[in-house]
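Engineer: Sequence:
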Amino acid sequence: MGIERDTDTMKKTGYGRFNPQTQLRLRSGLEMHREMEMPSDIEGEDVIMAGQASYQAGMRSTRSNWKPGYLYLTKERLIFLQGANKLFEISLNSLKDTSIVLRDWVPKKKVEQLQLLQQSDSFKRVFFLFAGNLEEWKKTIELSAKGDGKNG
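Be aware that the sequence shown starts at 1, since it is given in the numbering used here, and climbs by one per residue.
Think of the hints as simulated: they come from the structure by calculation, not from any bench.
Some hints here could point you the wrong way.
Said to hold, decoys possible - Distance windows between CB atoms, simulated: (1) Leu143 <-> Lys108: 34 to 44 Å; (2) Trp66 <-> Gly147: 27 to 37 Å; (3) Gly51 <-> Lys124: 24 to 34 Å; (4) Asp104 <-> Lys146: 25 to 35 Å; (5) Asp104 <-> Glu43: 17 to 27 Å; (6) Asp46 <-> Ser94: 27 to 37 Å; (7) Gln82 <-> Glu112: 14 to 24 Å; (8) Val106 <-> Lys146: 28 to 38 Å; (9) Lys86 <-> Lys124: 17 to 27 Å; (10) Lys75 <-> Pro107: 37 to 47 Å.
To be verified - Listed next, the in silico BS3-like pairs over lysine-lysine satisfying Cα-Cα at most 30 Å (straight line): (11) Lys108 <-> Lys146; (12) Lys75 <-> Lys146; (13) Lys86 <-> Lys110; (14) Lys67 <-> Lys138; (15) Lys138 <-> Lys86; (16) Lys96 <-> Lys86; (17) Lys86 <-> Lys67; (18) Lys67 <-> Lys146; (19) Lys67 <-> Lys108; (20) Lys146 <-> Lys86; (21) Lys124 <-> Lys138; (22) Lys139 <-> Lys75; (23) Lys124 <-> Lys108; (24) Lys86 <-> Lys124; (25) Lys109 <-> Lys146; (26) Lys139 <-> Lys86; (27) Lys139 <-> Lys108; (28) Lys109 <-> Lys96; (29) Lys110 <-> Lys139; (30) Lys139 <-> Lys67.
All residues carry an ideal CB built from backbone N, CA and C; glycine is no exception.
Input sequences plus hints: build the corresponding full structure.
Structural biologist: This is the structure:
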């Protein structure tokens with residue numbers, strides 16, 4: 001009464017499960033990101049440091065809203081891209097402070113995050129970033145802001 005299945009044929013053809021030999025177009029987003037090459041320049045500026053990161057958007061809301069993407073540091077600015085979309089950029093001239101702070105990542109879980117203070121005469125913004133090697137990011141950003149970066 002039920003549907004009869006030829007399990008030997010299914011095993012050979014990969015029917016009923018993902019078969020990477022025949023279904024190469026189905027790749028995870030993580031695999032695609034790993035295959036991407038980090039650009040050596042962005043909009044004509046040499047990239048000093050780059051890596052995967054997340055930043056918190058909508059800090060006034062009661063829910064955390066972390067955006068994953070890639071963080072790029074040039075001699076002039078810090079740029080955060082999510083795919084081809086530029087979510088923010090900070091001119092290093094407007095960066096007033098960098099520090100590593102312990103903050104909530106998810107409820108009841110605190111992690112170290114890089115806090116950036118951007119300030120000018122007309123506004124003040126605070127960014128929180130989560131990435132690997134926070135100490136290295138902090139040091140390299142501070143050196144680049146002073147004009148002493150790896151390529152400066």
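Engineer: Taking only the CA atoms, is the gap from Lys96 to Lys86 under or equal to 30 Å?
Structural biologist: 22 Å, holds
Engineer: Can the suggested window of 34 to 44 Å be confirmed for the beta-carbon pair Leu143 and Lys108?
Structural biologist: 35 Å, holds
Engineer: Given the range 25 to 35 Å, decide if the beta-carbon distance of Asp104 to Lys146 lies inside it.
Structural biologist: Given range 25 to 35 Å: holds, Cβ gap about 31 Å.
Engineer: With a cut-off of 30 Å on the C-alpha distance, tell me whether Lys86 and Lys67 pass.
Structural biologist: Measuring from Cα to Cα gives roughly 12 Å; hence the hint holds.
Engineer: Is it true that the CA of Lys67 sits at most 30 Å from the CA of Lys138?
Structural biologist: 20 Å, holds
Engineer: Is Lys139 within 30 Å of Lys86, Cα to Cα?
Structural biologist: Holds - the C-alpha atoms of Lys86 and Lys139 are around 23 Å apart, at most 30 Å.
Engineer: Regarding Lys86 and Lys124, is the given constraint of 17 to 27 Å on their beta-carbon distance met?
Structural biologist: Distance hint for Lys86, Lys124 holds at roughly 21 Å.
Engineer: Does 17 to 27 Å hold as the CB distance between Asp104 and Glu43, or does it fail?
Structural biologist: 34 Å, violated
Engineer: Quick check: does the Cβ-Cβ distance between Lys75 and Pro107 fall within 37 to 47 Å?
Structural biologist: The hinted range 37 to 47 Å holds for Lys75 and Pro107, with Cβ atoms some 39 Å apart.
Engineer: Between Gly51 and Lys124, does the C-beta distance stay in 24 to 34 Å?
Structural biologist: 26 Å, holds
Engineer: Is Lys86 close enough to Lys124, meaning Cα to Cα at most 30 Å?
Structural biologist: 20 Å, holds
Engineer: Regarding Asp46 and Ser94, is the given constraint of 27 to 37 Å on their beta-carbon distance met?
Structural biologist: 20 Å, violated
Figure legend: structure checked against the earlier numbered hints; hints not met, in rising order: 5, 6, 11, 25.
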